[in-house]
Amino acid sequence: NAGVTQTPKFQVLKTGQSMTLQCAQDMNHEYMSWYRQDPGMGLRLIHYSVGAGITDQGEVPNGYNVSRSTTEDFPLRLLSAAPSQTSVYFCASSYSRSLGYGYTFGSGTRLTVV
Amino acid sequence: GENVEQHPSTLSVQEGDSAVIKCTYSDSASNYFPWYKQELGKRPQLIIDIRSNVGEKKDQRIAVTLNKTAKHFSLHITETQPEDSAVYFCALRGGSQGNLIFGKGTKLSVKP
Numbered sequence: 004n005a006g007v008t009q010t011p012k013f014q015v016l017k018t019g020q021s022m023t024l025q026c027a028q029d030m031n032h033e034y035m036s037w038y039r040q041d042p043g044m045g046l047r048l049i050h051y052s053v054g055a056g057i058t059d060q061g062e063v064p065n066g067y068n069v070s071r072s073t074t075e076d077f078p079l080r081l082l083s084a085a086p087s088q089t090s091v092y093f094c095a096s097s098y099s100r101s102l103g104y105g106y107t108f109g110s111g112t113r114l115t116v117v
Numbered sequence: 021g022e023n024v025e026q027h028p029s030t031l032s033v034q035e036g037d038s039a040v041i042k043c044t045y046s047d048s049a050s051n052y053f054p055w056y057k058q059e060l061g062k063r064p065q066l067i068i069d070i071r072s073n074v075g076e077k078k079d080q081r082i083a084v085t086l087n088k089t090a091k092h093f094s095l096h097i098t099e100t101q102p103e104d105s106a107v108y109f110c111a112l113r114g115g116s117q118g119n120l121i122f123g124k125g126t127k128l129s130v131k132p
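Sequences listed follow chains B and D, in order.
The numbers in the working numbering rise by one with no breaks, and the one at position 96 of the first sequence is 99.
The numbers in the working numbering rise by one with no breaks, and the one at position 2 of the second sequence is 22.
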């Protein structure tokens with residue numbers, strides 16, 4: 004049981020490049036989400052999904068896309084990287100958003116855009 | 021949208037002392053209040069949570085209290101140890117979509 008697995012752990016991109024951050028969970032969690040963490044800003048929600056085929060925007064969705072074709076996977080795509088997207092990205096999952104279960108976080112991806 | 025105010029942003033205590041972190045919120049419909057601990061370079065990890073039908077919950081040296089009338093909840097750590105040093109985040113399930121909304125964090129330093 005691996006929990007929530009994120010790849011890569013570190014990435015450096017040039018401005019304008021695109022990339023996909025991977026997130027996979029093996030706990031049959033219904034709910035998955037992406038947060039970014041910036042110094043002094045806490046954790047801010049980018050996108051989330053309440054089940055396969057269903058996604059929605061969070062607080063800071065601009066510049067990011069997501070899809071949820073399976074229960075297990077929830078990739079985050081950066082369309083055209085900008086320096087403002089330099090951050091640590093966390094994927095988190097839970098049995099169900101509506102039942103108020105705590106989140107399980109992945110180990111994070113530290114992204115630098117130059 | 022819903023906002024969570026967390027105070028203080030930094031807290032330094034001597035080993036063995038108690039530490040208290042407080043969060044306030046505005047949405048009276050919020051019903052789930054977890055606390056996360058994040059050590060340097062690591063992922064946030066759930067340490068305790070409380071639901072709105074409970075006023076207090078305790079787990080060994082940590083406790084959480086909830087005052088729904090005043091709309092605040094607090095984390096209490098007793099007999100602090102150096103390994104308690106970390107950033108602590110409060111959160112709540114709220115907003116129109118019911119996602120977890122996080123406070124900005126409190127950096128706790130426990131001095132030996």
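Where hints are given, some of them may not hold.
What the hints assert, rightly or not - Computed cross-link-like contacts, DSS-like style, restricted to lysine-lysine with a CA-CA straight-line distance of at most 25 Å:
{"#": "1", "chain 1": "D", "residue 1": "K77", "chain 2": "D", "residue 2": "K42"}
{"#": "2", "chain 1": "D", "residue 1": "K62", "chain 2": "D", "residue 2": "K124"}
{"#": "3", "chain 1": "D", "residue 1": "K57", "chain 2": "D", "residue 2": "K77"}
{"#": "4", "chain 1": "B", "residue 1": "K12", "chain 2": "D", "residue 2": "K57"}
{"#": "5", "chain 1": "D", "residue 1": "K57", "chain 2": "D", "residue 2": "K91"}
{"#": "6", "chain 1": "D", "residue 1": "K124", "chain 2": "B", "residue 2": "K12"}
{"#": "7", "chain 1": "D", "residue 1": "K131", "chain 2": "B", "residue 2": "K12"}
{"#": "8", "chain 1": "D", "residue 1": "K78", "chain 2": "D", "residue 2": "K42"}
{"#": "9", "chain 1": "D", "residue 1": "K42", "chain 2": "D", "residue 2": "K127"}
{"#": "10", "chain 1": "D", "residue 1": "K131", "chain 2": "D", "residue 2": "K78"}
{"#": "11", "chain 1": "B", "residue 1": "K12", "chain 2": "D", "residue 2": "K88"}
Said to hold, decoys possible - Listed below are several chain B residues computed to face chain D (Cβ distance under 7 Å; list not exhaustive):
{"#": "12", "residue": "G45"}
{"#": "13", "residue": "L46"}
{"#": "14", "residue": "Y51"}
{"#": "15", "residue": "G105"}
{"#": "16", "residue": "F108"}
{"#": "17", "residue": "G111"}
{"#": "18", "residue": "L114"}
{"#": "19", "residue": "T115"}
Just so you know, the hints here were simulated from the structure itself, not pulled from any lab data.
All C-beta atoms, glycine included, are put in the ideal place defined by N, C-alpha and C.
Going through the hints against the structure:
1. D:K77 to D:K42: holds, 15 Å
2. D:K62 to D:K124: Cα-Cα ~16 Å, so holds.
3. D:K57 to D:K77: holds, 17 Å
4. B:K12 to D:K57: With a Cα-Cα distance of about 20 Å, the restraint between K12 of chain B and K57 of chain D holds, given a limit of 25 Å.
5. D:K57 to D:K91: holds, 22 Å
6. D:K124 to B:K12: holds, 23 Å
7. D:K131 to B:K12: Roughly 31 Å separates the two Cα atoms, so the pair is violated.
8. D:K78 to D:K42: holds, 16 Å
9. D:K42 to D:K127: holds, 13 Å
10. D:K131 to D:K78: holds, 24 Å
11. B:K12 to D:K88: The given pair, whose Cα atoms are some 39 Å apart, is violated under the 25 Å limit.
12. G45: With Cβ-Cβ at 4 Å, under 7 Å, it holds.
13. L46: holds, 4 Å
14. Y51: Since chain D brings a Cβ to about 6 Å from Y51 of chain B, closer than 7 Å, the hint holds.
15. G105: Holds, about 4 Å.
16. F108: holds, 4 Å
17. G111: holds, 6 Å
18. L114: violated, 15 Å
19. T115: violated, 15 Å
Of the numbered hints given earlier, the model fails hints 7, 11, 18 and 19; all others are met.
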